[in-house]
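Peer 1: Chain by chain, the residues run as shown.
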Amino acid sequence: MQVRKVVVVSGVPGVGKTTVVTDAIRMVEDRLNVSLITYGSVMFEIAQKMRLVESRDELRQLPVKKQREVQKLAGERIAAMSKTQVVIVDTHTLIQTADGGYLIGLPKWVAEAIRPASIVLVEADPVDIASRRTKDSTRTRDEQMIENIASHQLLCRSAAIAVGTLTGATVMILKNVEGKAEETATAFAELLLKV
Amino acid sequence: MQVRKVVVVSGVPGVGKTTVVTDAIRMVEDRLNVSLITYGSVMFEIAQKMRLVESRDELRQLPVKKQREVQKLAGERIAAMSKTQVVIVDTHTLIQTADGGYLIGLPKWVAEAIRPASIVLVEADPVDIASRRTKDSTRTRDEQMIENIASHQLLCRSAAIAVGTLTGATVMILKNVEGKAEETATAFAELLLKV
Amino acid sequence: MQVRKVVVVSGVPGVGKTTVVTDAIRMVEDRLNVSLITYGSVMFEIAQKMRLVESRDELRQLPVKKQREVQKLAGERIAAMSKTQVVIVDTHTLIQTADGGYLIGLPKWVAEAIRPASIVLVEADPVDIASRRTKDSTRTRDEQMIENIASHQLLCRSAAIAVGTLTGATVMILKNVEGKAEETATAFAELLLKV
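Chains as they are written, first to last, in the working numbering: chain A, 6 to 200; chain B, 6 to 200; chain C, 6 to 200.
These aren't lab readings, by the way, just hints derived from the structure by calculation.
Be aware that one or more of the hints could be misleading.
As the list makes no split between identical chains, a pair holds if one copy fits it or if it spans any two.
In silico DSS-like cross-links for lysine-lysine, where the CA-CA straight-line distance does not exceed 27 Å [stated by the list, open to error]:
1) Lys199 <-> Lys71
2) Lys199 <-> Lys70
3) Lys54 <-> Lys70
4) Lys70 <-> Lys185
5) Lys113 <-> Lys88
6) Lys185 <-> Lys199
7) Lys77 <-> Lys180
8) Lys54 <-> Lys71
9) Lys113 <-> Lys70
Model, not experiment: these values are computed from the prediction.
Could you put the whole structure together from the sequences, leaning on the hints where they help?
Peer 2: Next comes the structure, spelled out in structure tokens:
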């Protein structure tokens with residue numbers, strides 16, 4: 006078992022994850038060999054090469070068995086990449102579907118293929134997330150949406166702990182406080198330097 | 006790996022699960038080949054046929070090894086049934102025992118034998134559940150019971166996510182709002198039509 | 006699969022776990038063959054015998070592969086001990102690190118080696134825990150610390166459920182109410198007598 010240098014970073018839509026990750030990479034890239042990849046993109050590249058799909062949307066229409074095969078191959082490619090560098094995997098722990106259900110982003114076979122050293126959950130105040138999603142500067146509160154976001158964030162914690170239990174990955178919750186994205190990025194950068 | 010057509014439906018006692026499930030089946034049964042089974046009953050039938058037990062109460066007195074064997078066989082029977090129809094499995098994700106502990110309703114070996122497509126958690130307001138349990142129309146609040154119910158519902162979420170992580174099942178939380186059981190049943194019926 | 010007589014007991018620092026466990030053992034020891042062990046100590050003994058470490062601090066500096074091997078051997082020793090007695094394993098489900106992350110105390114390979122019958126989470130009011138940690142009798146509230154403790158306790162629940170799902174262990178939450186440690190100990194003692 007070699008040292009694992011994969012860091013999974015996850016967060017519900019509107020949490021500000023991209024800014025945090027991009028800023029953190031900027032902070033460390035002169036000291037660290039680090040790559041950022043999106044799990045879905047790696048899956049798409051592999052499925053395309055296998056001539057299973059032509060567009061990204063077709064991924065979800067693959068038979069479950071094929072989807073899992075592609076998921077696993079993507080995990081293995083990421084594990085291979087991480088032998089020589091720190092690989093940040095941008096993915097969702099739980100994807101909310103149109104009907105309100107949750108898809109598991111890191112099922113056992115993916116988690117065990119990636120074998121992350123850490124799972125970082127970027128979280129924010131549900132009220133701030135709701136504002137960003139609705140681009141509503143007046144912060145009119147949609148209580149239903151806020152409750153839904155709070156609930157989604159809590160469920161992501163359970164999912165991260167389940168993956169940690171299967172793989173031994175540490176779990177870190179990074180609070181992305183409104184107006185303090187720089188602090189969040191710094192904390193993430195510190196984690197990257199210690200992986 | 007064939008398409009999985011097992012939907013696990015779960016909810017703490019008093020949540021109104023039976024009404025939701027029965028109504029949903031009524032809504033879809035002219036369009037869908039669907040069966041409702043109770044996990045415990047399937048286990049009992051199998052154990053009875055194996056001449057391990059005569060009454061249902063004896064199930065829990067079986068040696069752990071035998072219980073697990075029966076649990077697994079029940080899972081496999083359900084998986085077999087689901088090849089030709091949608092099978093709704095009525096079970097508990099966490100069963101509260103007399104001493105306040107929780108039994109795991111879907112341990113790994115059961116979850117992996119059933120391989121559900123979805124786990125549906127029917128939830129309700131803990132205050133409403135407490136009223137139903139105590140048949141108390143005046144809604145005198147037993148704070149201890151309410152907190153206990155809220156806690157139980159949250160833990161069921163963790164259990165559902167753990168099972169989802171092991172099996173890839175989607176997780177859906179269905180809020181059964183007092184007086185709106187019809188809406189909850191409709192949402193469940195829609196999920197059944199998409200499995 | 007033999008009967009499992011391992012009870013894992015866990016709780017965040019300052020929860021009063023040691024008192025509860027010690028008192029409970031005193032209550033049952035004339036009726037029950039029971040041992041209390043600390044997972045970390047068993048790991049250290051094994052690693053020392055294997056000449057991998059000389060001091061306990063070196064354990065964490067071992068290569069991940071070696072750490073896991075020692076973790077697994079410790080689990081197996083505990084499982085062996087539990088054939089003839091009830092073994093209480095004092096361990097953490099989630100260890101908070103200096104950078105705010107969480108280490109998984111019971112990853113899959115440890116949980117499956119120990120195969121606990123029960124996981125007992127000793128919990129207390131986060132405000133009381135914060136007071137004990139800061140030895141602050143005036144109960145000045147450090148809101149950040151209190152939120153952090155509440156969050157840690159909730160995450161431990163998820164971790165316990167994940168382990169329960171993998172092993173079939175029951176999960177019990179024991180509230181250690183300030184000034185009522187005797188009651189908590191009695192509840193734990195009753196669980197020990199039923200394992």
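Peer 1: Does each hint fit the structure? Answer for all of them.
Peer 2: Okay, the hints, checked on the actual structure:
In this assembly of identical chains, the alpha carbons of Lys199 and Lys71 lie at most 27 Å apart only when taken from different copies (20 Å versus 36 Å within one copy). In this assembly of identical chains, the alpha carbons of Lys199 and Lys70 lie at most 27 Å apart only when taken from different copies (18 Å versus 37 Å within one copy). Taking the shortest alpha-carbon separations for Lys54 and Lys70, only the intra-copy value of 17 Å comes in at or below 27 Å, while the best inter-copy value is 34 Å. In this assembly of identical chains, Lys70 and Lys185 lie within 27 Å of each other by CA distance neither inside one copy nor across copies; the values are 43 Å within and 38 Å between.
Taking the shortest Cα distances, Lys113 and Lys88 sit within 27 Å of each other both inside one copy (21 Å) and across copies (24 Å). Taking the shortest alpha-carbon separations for Lys185 and Lys199, only the intra-copy value of 22 Å comes in at or below 27 Å, while the best inter-copy value is 42 Å. Proximity of Lys77 to Lys180 under the C-alpha cut-off of 27 Å is found in neither arrangement, the shortest distances being 30 Å within a copy and 34 Å between copies. In the homo-oligomer, the alpha carbons of Lys54 and Lys71 lie at most 27 Å apart inside one protomer (13 Å), although the nearest pairing across protomers, at 38 Å, exceeds that limit.
In the homo-oligomer, the alpha carbons of Lys113 and Lys70 lie at most 27 Å apart both inside one protomer (14 Å) and across protomers (20 Å), since each shortest distance falls under that limit.
Of the numbered hints listed earlier, those contradicted by the structure are 4 and 7.
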